[in-house]
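J.: In case you want the letters, here they are:
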Amino acid sequence: KAGVTQTPRYLIKTRGQQVTLSCSPISGHRSVSWYQQTPGQGLQFLFEYFSETQRNKGNFPGRFSGRQFSNSRSEMNVSTLELGDSALYLCASSLILAGESTHNEQFFGPGTRLTVL
Amino acid sequence: KNEVEQSPQNLTAQEGEFITINCSYSVGISALHWLQQHPGGGIVSLFMLSSGKKKHGRLIATINIQEKHSSLHITASHPRDSAVYICAVPGEKLTFGTGTRLTIIP
Chain L
215 KAGVTQTPRY
225 LIKTRGQQVT
235 LSCSPISGHR
245 SVSWYQQTPG
255 QGLQFLFEYF
265 SETQRNKGNF
275 PGRFSGRQFS
285 NSRSEMNVST
295 LELGDSALYL
305 CASSLILAGE
315 STHNEQFFGP
325 GTRLTVL
Chain W
108 KNEVEQSPQN
118 LTAQEGEFIT
128 INCSYSVGIS
138 ALHWLQQHPG
148 GGIVSLFMLS
158 SGKKKHGRLI
168 ATINIQEKHS
178 SLHITASHPR
188 DSAVYICAVP
198 GEKLTFGTGT
208 RLTIIP
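Which chain is which? The protein sequence lines are L and W, in order.
Residue numbering for the first sequence follows our numbering, beginning at 215 and increasing consecutively.
Residue numbering for the second sequence follows our numbering, beginning at 108 and increasing consecutively.
Extracted from the complex, chain L is given alone in its bound form:
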């Protein structure tokens, strides 16, 4: 079974631009979560999607948004990029058995490294 895939793997943008990152979960997984990792803040939760609906959202500004498609693939978008948005963006998929997705094993993708100049 193929793992979680993320595209692109690397991205360079300039301030003010917008960016869209893509995540394809493991086949059969309906939950996709997004995380931001920076040297200063570590790993932080962005949002989680399940069955095309956002279930949870972290403490990030409205410039960060996402969506999930009927095939469970997910995209996240960051508008009006700032230098501080430079980070590794990770997505993880989970097979929801019951209750919170965080209580189930999460399978991480390789990440997209975004650099904002």
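What the hints contain is simulated information worked out from the structure, not anything from laboratory work.
Everything numeric in this text was worked out from a predicted model, so none of it was measured.
It is possible that some hints are incorrect.
A few chain L residues that face chain W, going by a derived Cβ cut-off under 8 Å, partial list only [stated by the list, open to error]:
id : residue
1  : LEU302
2  : LEU304
3  : GLN320
Heads up, incomplete: computed chain L residues facing chain W, CB under 7 Å, no partners named [said to hold, decoys possible]:
id : residue
4  : LEU257
5  : PHE259
6  : ASN270
Quick reminder that beta carbons are idealized off the backbone N, C-alpha and C, glycines included.
Following the hints, put chain W in place on chain L, whose structure we already have.
T.: Just chain W now, kept in the frame of chain L:
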């Protein structure tokens, strides 16, 4: 909000040594995740445990729910174990520890 603390932040050891990484959290949970992140960024889920002990190869994870504490042990450490180890506790979202950077010297 669950506060998650890991110790030590950095650990350097000789090949073959027994390694222990600790994780403490402030709010009671039903399970805890241990993750491994290699240089380059990819994260691998090592364990998810809710009680007692789990073993996978040379890796052992223990958890004490009452004391809100978990440990990750590595026996007969090897340079390929060099990575950042992160614990995470569930809730509405996963809350991560700051990670322990482990370096095993041959």
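J.: Looking back at the hints listed earlier, which ones does the structure fail to meet?
T.: none
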